[in-house]
Each structure stands twice: as C-alpha cells, then as structure tokens.
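Hey, can you work out the whole structure from these sequences and the hints?
One-letter residues, chain by chain:
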Amino acid sequence: MANIKWKRYLNYIVISALAVLFAVLSLTGTLKLGTQILLEKITISIILAVSLSMVVGFLGELSLGHAGFMCVGAYIGGKVACLVDGDGNSHLILITAILVGGVVAAICGFIIGLPALRLKGDYLAIVTLAFGEIVRSLFLNSTPESFGSTLGLKTPRYDSRFLLIYGFVFVLIALAVIQNLIKSKHGRAITAIRDNEIAAKATGINITKYKLLVFIVSAFFAGVAGVLFSHANYTVQSKTFDYNYSIEILVMVVLGGMGSINGAIISATLITFLNEELTTILTGELSVLKDLLYALILILLIIYNNAPALKGVREKYNLRAFVGKIRKHDPAADKDDEAKWHRVPTKIDMNEVLSTDLVVKESRAEKGDRGGK
Amino acid sequence: MEFISTLLNGLSSGGTYAMIALGYTMVYGIAKMLNFAHGDVIMVGGYIMYVMMLLLSQNVFLGIAVAVVFCVLLGILVERLAYRPLRGASPLAVLITAIGVSYLFQSLALIVFKSSPKMLSVLQISGALKLGKLSVDYSTIVTLAVAAAVMTALTLFVKKTKTGRAMVAVSEDRDAAKLMGINVNFIIMITFAIGSGLAALAGVFMLMKAPSLSNTFGAMPGIKAFTAAVIGGIGSIPGAMVGGILLGVIEAISFKIPLIAPYTDAIEFSILIIILLVKPTGLLGKRRREKV
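Protein sequences appear in the order of chains Y and U.
Quick note: the first sequence uses my numbering, first residue 1, plus one each step.
Quick note: the second sequence uses my numbering, first residue 374, plus one each step.
Rather than coming from a laboratory, the hints here were simulated on the basis of the structure.
Take these hints with a grain of salt, some might be off.
Stretch by stretch, here's where chain Y covers chain U in the computed footprint (C-beta under 8 Å, at least three residues) [as the list claims (entries may be wrong)]:
no. : segment
1   : 479 to 490
2   : 524 to 531
3   : 551 to 565
4   : 645 to 652
For glycine and all other residues, C-beta sits at the position ideal for the given N, C-alpha and C.
Listed below in structure tokens is the structure:
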C-alpha cells in the first residue's frame with residue numbers, strides 16, 4: 001500500500017522537477033528562444049487538456065467549446081494587462097490578469113453549465129459548440145477601441161523566460177485542484193453522475209451542484225490558459241479560437257485516454273511538440289502534409305483502440321501489457337481501476353447484464369466443483 | 374415588398390441548409406452518430422465540379438451529376454472504411470473518427486488544389502422574375518424548387534418504399550430491425566449515400582450564391598446545417614427541413630438589419646440555445662423516456 005501513496009504524487013514530482021530544471025535553464029539563459037516558446041505552448045496545452053478532461057472524462061459530457069472559454073480568458077486577461085500597464089512585465093499584473101481572466105471565463109462556464117442541467121449528450125455538445133462560436137463572433141465584431149475588432153487585440157508580450165515558469169506553476173495548480181477534486185468524495189460523485197445519472201440522483205447526489213462545479217472549474221482553467229496565451233503572443237485574434245481548436249483539445253483528451261489526467265498531460269505534450277516540430281521540419285511544399293499525417297494518425301489510432309473486431313489484437317499488443325511485461329506485472333489486475341469512459345449509459349445495456357449474470361453463475365459453479373473435489 | 378423578397382431569399386438558403394441538415398439527421402437517426410465530416414463532402418463535391426468544368430468545358434449538368442455520384446460513392450467508402458469498423462464502439466470514438474475524416478478531406482483538398490480559392494461558376498442563372506414591385510432572382514426560384522422537390526421525394530421514399538420503411542425501422546430499434554431480417558449494414562450504407570448525394574447537390578446551390586471554393590468551403594455551412602438539424606430535433610426528417618428553413622429565414626432577416634447584421638452567426642447560435650432550453654429535444658424531436 002505504501003508505494004501507491006507516492007505513485008499518486010508521481011506526476012507532481014515529475015512536473016515540478018521539469019519546472020525547476022527549465023526555470024534554472026531559462027533564467028541562466030541557456031535555453032533557446034524556440035524551446036522557450038515551445039515550452040510555453042506545451043504548458044498552455046496541458047492546462048487546457050487537463051481542464052477539458054474533467055468535463056469529458058469525468059463528468060462524461062462532450063464539450064466542443066473549450067476554446068471559447070480560452071478565448072474569453074485571452075481577451076479579458078489581455079485587456080486587463082493593457083489597461084493597467086503598457087509594457088506588461090510586472091509579476092503582479094500578470095497574476096491579476098490571470099485571476100480576472102479565469103474568473104470571467106468561470107462565469108461563462110456557469111452560464112454554459114445551466115443548459116447542461118437540462119440537456120445531455122449530443123445536444124449539450126452542440127450548445128457548447130454554439131457558445132464557442134458566439135463568443136468568437138462577439139469579440140470579432142467588437143469596436144476597435146474595446147477589443148480590437150477584426151485586427152485582434154494587441155497584448156503585451158510577456159518575457160518568455162518568466163512566462164514559461166508561470167506556465168509550469170499554473171500547470172501544477174491546475175493539476176493540484178483537479179486531481180484532488182477528482183480523488184475526493186466530490187470526484188466520486190462526479191464519476192457517479194457519468195456512469196449513471198439517474199442512479200446517482202437516487203443516491204442523493206446533488207447533480208445540479210456537481211455539474212455546475214465541473215463546468216466552472218474547467219472554464220476557470222481554460223481562461224487561465226487563455227490569459228497565458230495572450231501574454232505569449234503580441235496579438236489575440238478571435239479566429240485562433242475556432243471550432244478546430246476546441247477539437248484539437250478534445251483530441252488531446254481522447255488520445256490520452258478518457259478519465260486519465262496523466263494521459264491527458266502526456267498526449268497534450270506530445271501533440272503540441274509534434275505540431276511544432278512538424279511545422280519546422282516540413283517546410284514549403286511539404287507543410288501541407290502535416291495535417292494529412294495528423295488526420296491519418298487520428299483515424300487509425302481511434303479505430304485501433306476502439307474497433308470491436310480488433311479486440312483480440314488490442315489485448316495482445318498494447319502499451320499497458322508491454323509495460324506490465326517489463327515490470328512482470330499482470331495488467332489484468334489493474335482492470336478494475338480503469339475508467340470505463342466509453343460507456344456513458346443512460347440505461348443499462350441488457351446484453352451486458354445478461355452476459356455478466358451467466359459469467360457469475362459459471363464461476364460459482366466452478367467454485368462449487370472445486371469445493372466438491 | 375422587400376420583406377417578401379428577403380423572406381424568399383431566406384427560404385432558398387434555408388432549403389440549402391435543409392438539404393445538408395437532412396444528411397446529418399438521417400445519419401444520426403439511423404447510425405446514431407454525428408457525422409462531422411458531412412460538411413466537407415460539400416467541399417469535395419465542389420472540387421469535383423471544378424475538375425469536371427475544366428475537363429468537359431461547359432457541360433454543367435454532367436458536371437453536377439458526376440459530382441453527386443462521386444460524393445455518393447465517397448460517402449459509402451468512408452462509411453465502409455472509417456465508421457463500420459467502429460460499429461458498436463462508443464459514440465465518442467466514432468465522433469472523433471468523423472472529425473479525423475473531416476481533417477483528412479480538408480488536408481487532401483489543400484494538397485491537391487492548393488490554398489488559393491478557386492473561382493467557379495456553376496449554373497449561371499441571371500435575371501430576375503418581376504411581379505409588380507416584387508423582384509425575385511431566378512436562382513432563388515430554382516434553389517427553392519429543387520429543395521422542395523428533393524424534400525418531397527425523400528419523404529415519399531421514406532414513407533412508401535420498402536428500403537425507406539426499413540430505414541425507419543432501423544432508426545427505431547436496430548436490434549429488432551435485424552431480427553426482422555433487415556440488412557442493417559446495407560441500410561446504413563444507403564443512408565450515407567443519400568446524405569452525401571444531398572450534400573453535393575446543396576454545394577451546387579451554395580456555389581451559385583458565392584462562387585469561391587476553398588478547402589474550408591464546407592466547414593461553416595456544415596456547422597450551420599448541424600445547428601439546423603438540432604433545432605428541428607436531430608433524427609427527425611421533417612425536423613431537419615423545418616430547422617433548415619427557419620435558420621435560413623432568420624439569417625436572411627438578420628442580414629437585412631444593419632445594426633445586427635455582423636452578429637448574424639451569434640444570433641443563429643443563440644436561437645439554437647434558447648430553443649434547446651425550452652424544448653430540450655428540438656422542435657420536432659421525440660422525447661425518449663429514460664429508464665434505469
């Protein structure tokens with residue numbers, strides 16, 4: 001039992017170690033500017049992916065408007081920084097901007113959480129999508145004085161040496177908040193809502209409270225990521241936060257494995273890294289190949305991971321079994337902990353009920369035989 | 374008079390939306406999946422028409438026919454290769470695959486046709502019908518007529534033919550339909566074929582209005598049509614028609630009022646949210662009772 005305790009904090013330890021390492025490197029000036037920018041982007045992606053993972057992986061609602069919350073944070077945070085100070089290299093102002101941006105995004109999360117109480121599944125997905133488009137359209141048509149209209153809002157570019165440290169700090173904060181929330185009693189309530197809303201309600205879980213809580217927390221961190229984004233760029237343009245960006249975040253969460261925060265962190269890092277690397281490697285004529293590769297990898301990976309026909313192949317060759325082989329550990333022992341994200345049932349699957357019953361009977365019969373012998 | 378011509382414009386663009394929305398709603402109703410690549414089929418159809426115009430010089434109708442047939446085949450192919458392996462998997466996995474297919478189409482179009490928009494004039498119908506003060510473009514009338522014809526034909530197909538009845542059965546209860554001897558895979562294939570064909574046809578009318586073709590040509594109309602399908606109640610064929618027409622009319626009216634014209638998209642999406650808040654399953658959607 002003792003080693004489970006430290007395993008729980010493994011991701012904090014790894015990220016803190018990386019944060020310290022990169023902080024020292026960047027403050028001593030050995031880090032190249034390109035790497036600094038890459039790290040900034042990676043931290044922003046991680047915050048986004050972890051916060052979306054809470055809605056999709058743990059609450060079980062599909063959100064296609066995560067970039068909308070980020071957009072709110074980016075514009076509001078950027079505006080705060082602009083209003084207070086022109087050059088924008090003060091720590092206090094950055095933190096104020098992040099808090100204000102996050103809170104405004106959280107308010108939007110509350111507003112979107114309200115329809116979530118009545119709608120679910122695909123209907124909620126389209127509402128979040130609509131929210132993202134509405135936000136984008138409002139900022140796009142704002143007056144030039146307020147949010148810079150079509151040209152975008154000019155924001156102070158924060159010194160990237162410090163910004164990347166802030167990025168890591170907020171990754172840790174997001175992780176601490178979300179991971180502790182999920183592991184707590186409240187987190188179990190949230191996953192109970194995912195697994196069966198009616199049963200959860202019958203057990204006395206306050207569905208309204210938890211759904212709103214998840215949307216608010218998730219939107220807050222998306223807003224924080226938005227503020228970091230606005231400080232990592234010279235301008236914030238609403239077209240950045242279109243529906244494709246929301247999808248990209250969703251892809252990070254799905255590829256990382258639903259209901260796995262560490263998976264979201266790893267896949268957010270990998271996808272952002274690959275995106276950046278491929279843009280630098282594939283230049284000129286080849287640059288168009290990037291999206292093609294991305295699309296093909298996405299389709300093949302999803303089919304491989306989910307196709308019912310490939311179940312046998314998957315169980316034989318997968319990462320978990322591979323890691324298990326190295327550690328001489330049977331992966332089947334972990335099976336129970338695995339979040340069953342892909343079943344977000346509103347009614348119980350009759351086939352499954354019947355088949356599990358039969359299995360139980362058989363195993364009981366076997367036990368009886370053994371006992372007899 | 375201006376109001377009536379605005380209304381007619383709205384009806385014609387609503388007809389186009391409805392044609393796209395029908396694809397969404399039928400696929401949702403029968404295969405229980407959101408086909409996010411549907412909008413991009415419009416774009417592919419547009420490019421096929423562009424190629425056919427270059428090859429066959431001016432034979433427009435042949436170009437349209439080839440584009441529609443190509444899209445039908447494309448719909449079947451995509452269903453076979455990308456979606457059928459995932460039959461029975463989680464809805465979210467299928468959704469992400471559809472998003473992947475959408476990216477795939479967009480990037481392939483970018484590779485083949487480069488990023489500069491292609492100007493393409495299909496079906497140049499100029500002139501306007503004048504009735505007293507009222508003036509209606511012929512292109513609007515043609516769009517309206519074709520949309521009405523398509524919708525009537527589809528309704529008849531679903532109501533009167535054996536395949537159509539089978540489609541309804543599959544959307545009601547797939548397992549029961551299978552037990553009744555319906556070939557579910559075939560029905561789903563037909564659904565994709567019809568949806569994709571309608572999308573290609575809708576692409577023709579969209580190009581008539583705005584003849585500039587790029588690889589993201591179908592993205593926004595796709596999302597709008599999806600919105601229309603949800604407004605009408607996703608899974609319901611009359612719902613998609615009502616939703617599409619409603620959306621088109623709202624769009625046309627909002628374009629005419631200078632104060633709110635820039636916010637047209639925001640208004641359309643807000644209306645969607647309001648309708649869903651009042652009627653969570655859309656205007657004509659059936660309310661499924663939840664059982665534990």
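Structure-based check of all given hints:
1. 479 to 490: Holds: 5 residues of the segment 479 to 490 of chain U have a Cβ under 8 Å from chain Y.
2. 524 to 531: Violated - the segment 524 to 531 of chain U has 0 residues with a Cβ nearer than 8 Å to chain Y, which falls short of three.
3. 551 to 565: n = 0 at 8 Å, threshold three: violated.
4. 645 to 652: With 4 residues in contact (Cβ-Cβ under 8 Å with chain Y), the coverage given for the segment 645 to 652 of chain U holds.
Violated hints, in rising order: 2, 3; the structure is consistent with all others.
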